[in-house]
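With chain A's structure known, arrange chain B on it following the hints.
Each chain is listed here by its residues.
Number of protein chains: 2
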Amino acid sequence: MSLLKEQYNQYVSHLQKIQDINSTLALLHWDNEVHASAKGAQLRGQQIATLSATVHEWAINEELGDLLKTLYDNRHELSENEAKNVELSLVLYNTERKLPTEFVMAFSKAKTNAFHAWIKARKAKDYALFKPELQVIVDLLKQKAEFIGYQDHPYNALINEFEKGATVAQLDVLFGDVRKQLVAFAKEIREKGTPSKKNFLHRHYDKKKQWDFGLELLKQMGYDFEAGRQDISEHPFTTAFSANDVRITTSIKEDNPIEMIGGCLHEGGHALYEMGLQLKYYGLPLGMPTSIGIHESQSRLWENQVGMSWFYWQANFSRMQDFFPTALGDITLKQFYKAINQIEPNYLRTIADEIHYHLHILIRYEIEKGLLDGSYDVETLEEVWNQKYKEFLDLDVPHATYGILQDVHWAEGLFGYFPTYSLGSFYAAQFYAKAKKDMPELEQEIAKGNMQSLLDWLRHHIHQHGQKYTSEELCHRITGEGLNLKYFMDYARQKYAEIYDLKAEFFNQV
Amino acid sequence: MSLLKEQYNQYVSHLQKIQDINSTLALLHWDNEVHASAKGAQLRGQQIATLSATVHEWAINEELGDLLKTLYDNRHELSENEAKNVELSLVLYNTERKLPTEFVMAFSKAKTNAFHAWIKARKAKDYALFKPELQVIVDLLKQKAEFIGYQDHPYNALINEFEKGATVAQLDVLFGDVRKQLVAFAKEIREKGTPSKKNFLHRHYDKKKQWDFGLELLKQMGYDFEAGRQDISEHPFTTAFSANDVRITTSIKEDNPIEMIGGCLHEGGHALYEMGLQLKYYGLPLGMPTSIGIHESQSRLWENQVGMSWFYWQANFSRMQDFFPTALGDITLKQFYKAINQIEPNYLRTIADEIHYHLHILIRYEIEKGLLDGSYDVETLEEVWNQKYKEFLDLDVPHATYGILQDVHWAEGLFGYFPTYSLGSFYAAQFYAKAKKDMPELEQEIAKGNMQSLLDWLRHHIHQHGQKYTSEELCHRITGEGLNLKYFMDYARQKYAEIYDLKAEFFNQV
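Just so you know, the sequences run in chain order A and B.
Numbering (this note's numbering) for the first sequence: 96 to 605.
Numbering (this note's numbering) for the second sequence: 96 to 605.
Okay, chain A solo, but in the shape it has when bound (with noise of 0.2 Å):
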């Protein structure tokens, strides 16, 4: 063997190493929330702090970066893919260097604090107990992007760690056409269109029957069960150790149906990502998903594009019904496919609907952005808040807790994860239009139960590749063009129109 083969060997091993940690790491928080004992929080708390810090140490292990150098600098001689993932794990080496250890700890202890007093502050229903914890993990994060280093805005630098290569310049192009186009798109649908009955949503559906439902409906999609499981947890998560063991968990409530139903597409659509990550690039970079926003595109593609499409309910409505004869007997499939269709304004981000959604983001972009430029301030952050629900939203926030306190992503120090909700939504409107152009017979074969060409589409042109393209590169080789918000409110368009018996005409006039 060559000394670079050697070399680039050992670079694999100690990539896969901070791997097997991470997955640990992993299986921990995922027993936390499947299988949490009351009493055993406190010391599972430290084991976790334990193995962090010692992924922390292994990842800027200066051998690690001797290593890197050494292969980098040879690229010309590895394979295409194997420089590919040195030149990755480099970028990512180089940037986790720039964050001295005193500041990851300090950031670390931060957010412990914040979650704490949000935890607090939601159960008074006070933003005040949450407020100086907050204005610490800002400062901290002002501090981050200064030892990471941006060009334009500091914002750029924590985007980036989400959706490698998106930026203020991009985002806020993008959502100021959210604003314009939505804004209108929904107040038109709310004044013009026929809302349909949906009450029947809320009868009652039993616990065992929907978990058999939602079991069913796994496996049509592809979700392999031998690579996996699904249990019940609060809030649904997907978390995978490998790409052989990836588990999703669902929650159910027996007025609601559909709750779980698009929990399992959503969190399914995550986990068919995460399975069709190539095995042999275990740990390195071209076998993890390529960002947050690709991957939410593959959740929502399936909990929206083809969950709640009239095709998709060809295909399940009536077994559907057989699972729930009382509360579905009386009920069309044109009546209940426009019922799980119906679009509200909520101040609720997690319950909202697939249009008012990226209200809901685009107002948290604008505040995580002007707090990192100083245009907002901590302080007076309630009301900026507020304004905006009123303002886009068109509605009177009743209280913190379903304000500004509503999403625990602050108290956990993420900021610049929220646009990639809406980055995903549009990469799936865009990558699924062109999946039904390269397969024109696509709908019909989902309105028979048949999802394998369509995974198989996913696997081909999306997943198998990992990190080995950023999301606009992946979106420019699949779609021929980078996001393109047109494919979004061209789906939308078409369908909500027809959904509110809106005439052809509303199709131009939003």
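No lab work stands behind these hints: they were computed from the structure.
Take these hints with a grain of salt, some might be off.
If chains are identical, the list can't say which one is meant, so a pair holds when it fits in one copy or spans any two.
[Stated by the list, open to error] Straight line, CA to CA, 27 Å or less: simulated DSS-like cross-link-like pairs of lysine-lysine:
no.: 1; residue 1: LYS348; residue 2: LYS303
no.: 2; residue 1: LYS433; residue 2: LYS348
no.: 3; residue 1: LYS304; residue 2: LYS206
no.: 4; residue 1: LYS226; residue 2: LYS237
no.: 5; residue 1: LYS543; residue 2: LYS314
no.: 6; residue 1: LYS164; residue 2: LYS532
For chain B alone, kept in the frame of chain A given last:
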């Protein structure tokens, strides 16, 4: 803070980190047994290997060694318990350091190979397929004994890992008595006793109801479901992530509720020991079980002395009838009590009754000792095994899978572990006799379903001490003498004479 105090804190922090990783390893193993996804096994194995290597590195870390030596040299300035922690940690450290890293790696690899060969050999019912790998294990164990060092017999070095202070000299006397007394005892009962019917124990017992009944029994004995949980696995086991998160598993067969009950009480007993350790000593010797034998004494005491007793079923039989009216409606408490206590030789250790069990252990003890000192060899071991089963249990072993291949221990490199099963049972009898003497009302309380006094007694005399006392020290402190088989024999004679309608003279005959 004094320098020494600071150093003591550094030591504590280092040991807690080791414990954090060990607890995490325990979670990985637990998850393997309880949730194992078929395809995830391979990378899970790699994750376990990475964490194990990390623990080993931390355990033999030179800075830790220096710290321990300094603390030990100045132990008179520490509190008694601090000094004890340091002393025990230093012994462990010195032992670990004696094993060269190459040996640790070779042994780890040999165990993996042996395990896979064992699986294959069991399938084929062919000891020959396991032989070469067992030979490697035995050779390595001989090396290990040399590395660690020993007096008198190499087996002593191995036993010591599980039962500090136990020696071949001691065990030869003990197992000599077992051989003499128990073989005769079992034979007498078979020949002179009146057996009772037990076929009703194999009627249909619904799985879900067994599960619910098991949970009731666990709560009754004081298992804390806020600090643990029960799940289903193929083989029942207990695992602790801290004293505040101790989990057990059970397995349920619809034609044998006694297996489930025995499992719950056995694992529950292990769990109560772990839950009773002092949280403030998390990761330190005083916060860990003192030996496998004492651990086993706790499981056996609950499973046998309590769970197979007349008093226990006075408390619980009618409740069990409520759960299983069809299977037990026509059965009296006395019939039930006699049925669950029937003894019968069987070639499988895991389902042996509480008398014959020790003949299985005796056989393994003699074989392990003989392999270490060269009296037996791997080549002809199956004949030795089968001869001993004929001699001690009067059984013809049907084939290797039900014979020499029945236990996983040797494939996992565990030599010296088996004797602790018998030690545990004999300690259990001795402790229980003392508990009854200390609390004359004990069995009357148990008959009312009140287990609290017993648990308090165990907590006070055993659990809280961790490794502060060795098994033998603990036994002396509690009972005023060392381990004495007499207590087990008294227990057995009294119990089985009654169950098998044997006259009072029986007490003196065997």
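Hints versus structure:
| no. | hint | verdict |
| --- | --- | --- |
| 1 | LYS348 <-> LYS303 | both (11 Å within a copy, 24 Å between copies) |
| 2 | LYS433 <-> LYS348 | within (21 Å within a copy, 49 Å between copies) |
| 3 | LYS304 <-> LYS206 | neither (39 Å within a copy, 45 Å between copies) |
| 4 | LYS226 <-> LYS237 | within (16 Å within a copy, 64 Å between copies) |
| 5 | LYS543 <-> LYS314 | within (14 Å within a copy, 50 Å between copies) |
| 6 | LYS164 <-> LYS532 | neither (44 Å within a copy, 73 Å between copies) |
Checked against the numbered hints given earlier, the structure breaks hints 3, 6 and satisfies all the rest.
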